[in-house]
Amino acid sequence: MAAKLLNLLFGNEMRTTRANKIYLTGLASLIVLIVCACQKPYNPKPVKNTPNVLVVEGVIDPSADSTIFKLSRTVQINAKTALSPELGAIVNVEDDRNGVYPILELGGGTYAYPGLRLDIARKYRLRIIASDGLVYLSDFVPVKVTPPIDSVGFTILKDSLQVYVNTHDPTDKTRYYRWSFDETWLFHAFAASEYISTGYSLVERSIDQQIYFCYASSFSPTIVLGTTAKLSHDVIYQNPLTLIKGSSEKIEREYSVLVRQYAITPEALSYWGNVKRNSDQVGGIFGVQPSEITGNIHCTTNPATPVIGYISASTVSTKRVFLGNSSLPRAWQPTYPYACNIDSIKHNIQETLINLPVGEFTISYIGSFFAPKGYTATSRDCADCTIRGTTQQPSFWVYR
Numbered sequence: 019m020a021a022k023l024l025n026l027l028f029g030n031e032m033r034t035t036r037a038n039k040i041y042l043t044g045l046a047s048l049i050v051l052i053v054c055a056c057q058k059p060y061n062p063k064p065v066k067n068t069p070n071v072l073v074v075e076g077v078i079d080p081s082a083d084s085t086i087f088k089l090s091r092t093v094q095i096n097a098k099t100a101l102s103p104e105l106g107a108i109v110n111v112e113d114d115r116n117g118v119y120p121i122l123e124l125g126g127g128t129y130a131y132p133g134l135r136l137d138i139a140r141k142y143r144l145r146i147i148a149s150d151g152l153v154y155l156s157d158f159v160p161v162k163v164t165p166p167i168d169s170v171g172f173t174i175l176k177d178s179l180q181v182y183v184n185t186h187d188p189t190d191k192t193r194y195y196r197w198s199f200d201e202t203w204l205f206h207a208f209a210a211s212e213y214i215s216t217g218y219s220l221v222e223r224s225i226d227q228q229i230y231f232c233y234a235s236s237f238s239p240t241i242v243l244g245t246t247a248k249l250s251h252d253v254i255y256q257n258p259l260t261l262i263k264g265s266s267e268k269i270e271r272e273y274s275v276l277v278r279q280y281a282i283t284p285e286a287l288s289y290w291g292n293v294k295r296n297s298d299q300v301g302g303i304f305g306v307q308p309s310e311i312t313g314n315i316h317c318t319t320n321p322a323t324p325v326i327g328y329i330s331a332s333t334v335s336t337k338r339v340f341l342g343n344s345s346l347p348r349a350w351q352p353t354y355p356y357a358c359n360i361d362s363i364k365h366n367i368q369e370t371l372i373n374l375p376v377g378e379f380t381i382s383y384i385g386s387f388f389a390p391k392g393y394t395a396t397s398r399d400c401a402d403c404t405i406r407g408t409t410q411q412p413s414f415w416v417y418r
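Numbering-wise, my numbering comes out as the position in the sequence shown, counting from 1, plus 18.
Some hints here could point you the wrong way.
Unchecked claim - Restricting the straight-line Cα-Cα distance to at most 30 angstroms, the calculated cross-link-like pairs of lysine-lysine (DSBU-like) are:
1) K294 to K88
2) K263 to K176
3) K248 to K337
4) K98 to K88
5) K88 to K141
6) K294 to K176
7) K191 to K98
8) K248 to K98
9) K263 to K141
10) K141 to K294
11) K98 to K337
12) K248 to K191
13) K337 to K263
14) K248 to K294
15) K294 to K337
16) K294 to K263
17) K141 to K337
18) K88 to K337
19) K191 to K294
20) K141 to K191
21) K294 to K98
FYI, nobody ran anything at the bench for these hints, they're computed from the structure.
Please put together the full structure from these sequences, using the hints given.
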């Protein structure tokens, strides 16, 4: 390390006399020691008090589609759940002409209305009376009309699949965009369990008892933004949404993604960009440092009370697409999340069945059903897909 530092400090023009080498090597070693000594570990004190900050998520949708808000509270870092739902709040949308539109509580911190059908020429805000009596009010915002999504597509990379979105506004007025998406996929367990143990015998599974194929879903884990403010035309081309590894179970059989597109204001883009930087890029001495997240919602009861969220008003454009694994490279094989073994039991079959827990995951008989020589079995993790999904096919699933 000292030699490398010498080259950085003095380059190749340094004289190579023995005296100079000894002197400069010692100098470089001293510098290294000083730099290392300056690295002091930082051990932050644990947070003792729960912040209990109100978090507001949602968009005012002026169309016939549902307007949905999620209200929750922040919790301690070591809590078992990331957020605590805010129950019993009173939520209203208000317009700039004193119109009031109540939002109904559905439970679990969700508040919604099936179709507000608002006048898009007016401005709107959100009023919340929290369960503790504090009143929160967002700033009035204009309604943005979101252009349709042109397409959602896929690009096959070396070892992953890039999902992207295309859109444009022929009037060149939107300019600022945000996207969210829901993913759903069909996957299967490592092994198919054909029989169920009753404790004394094996019973063949019925169709309703199959646990080999399942569906799983996830919501967009990242904030996806886009802007054409510096372009001559309002055209978004192949804006990345998410990257799926070639070894992911999401694309081992059938995959679907529902994309939602929102037109937003420059102020909303700034807010969501700040949230994205804090959540995606913080870390390292040269990384982006945390910054205060300031939205457009304020506590009017006590202005010093913090609140997290940004309320926009816009129509929402959606598009769902499907993808089958036949369109992907054959070399892509899913990596199963568990280490799985299939055990063969060829002796004392009746005694073993008695000791086998009821409902254990027997795969198949060895030999014939009528004259078995034993059977094969594995753990639940390897034969039951319902521990990570559901066998109930979603209503929108039409891909075949």
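Verification of the supplied hints:
1. For the suggested pair K294 and K88, the alpha carbons sit about 19 angstroms apart, so the restraint of at most 30 angstroms is met.
2. With a C-alpha separation of about 10 angstroms, the suggested pair K263 and K176 falls inside the 30 angstroms cut-off, and the hint holds.
3. For a cut-off of 30 angstroms, the pair hint linking K248 to K337 stands: about 26 angstroms separates their Cα positions.
4. Of the supplied pair hints, the one linking K98 and K88 holds, its CA atoms being roughly 19 angstroms apart against a limit of 30 angstroms.
5. Simply put, K88 and K141 have alpha-carbon atoms about 21 angstroms apart, close enough for the 30 angstroms limit, and the pair holds.
6. Between K294 and K176 the CA atoms are separated by roughly 27 angstroms; this keeps the pair inside 30 angstroms, and the hint holds.
7. In summary, the hint linking K191 to K98 is not supported, as the alpha carbons are separated by about 44 angstroms, beyond the 30 angstroms threshold.
8. As the CA atoms of K248 and K98 are separated by approximately 44 angstroms, the hinted pair breaks the 30 angstroms bound.
9. Our distance criterion of 30 angstroms between C-alpha atoms is broken by K263 and K141, whose separation comes to about 43 angstroms.
10. With a CA separation close to 27 angstroms, the supplied pair K141 and K294 stays within the 30 angstroms bound.
11. At most 30 angstroms may separate the alpha-carbon atoms for a hinted pair to count; K98 and K337 exceed this at roughly 35 angstroms.
12. Between K248 and K191, the direct Cα distance comes to roughly 13 angstroms. Compliance with the 30 angstroms bound is thereby established for this hinted pair.
13. Restraint check for K337 and K263: satisfied, since their Cα atoms lie roughly 22 angstroms apart, inside the 30 angstroms limit.
14. Taken as a hint, the K248 and K294 pair is honoured in the structure, with Cα atoms around 21 angstroms apart against an allowance of 30 angstroms.
15. In summary, the hint linking K294 to K337 is supported, as the alpha carbons are separated by about 24 angstroms, within the 30 angstroms threshold.
16. Between K294 and K263 the CA atoms are separated by roughly 22 angstroms; this keeps the pair inside 30 angstroms, and the hint holds.
17. Distance hint between K141 and K337 is fulfilled; the C-alpha atoms sit about 27 angstroms from each other, no more than 30 angstroms.
18. As the CA atoms of K88 and K337 are separated by approximately 23 angstroms, the hinted pair is consistent with the 30 angstroms bound.
19. Note on K191 and K294: the hinted pairing holds, with a Cα-Cα distance of about 24 angstroms set against a maximum of 30 angstroms.
20. For the hint pairing K141 with K191, the CA-to-CA distance comes to about 18 angstroms; that is within 30 angstroms, so the pair holds.
21. Annotation: proposed proximity of K294 to K98 holds, straight-line Cα distance about 23 angstroms (limit 30 angstroms).
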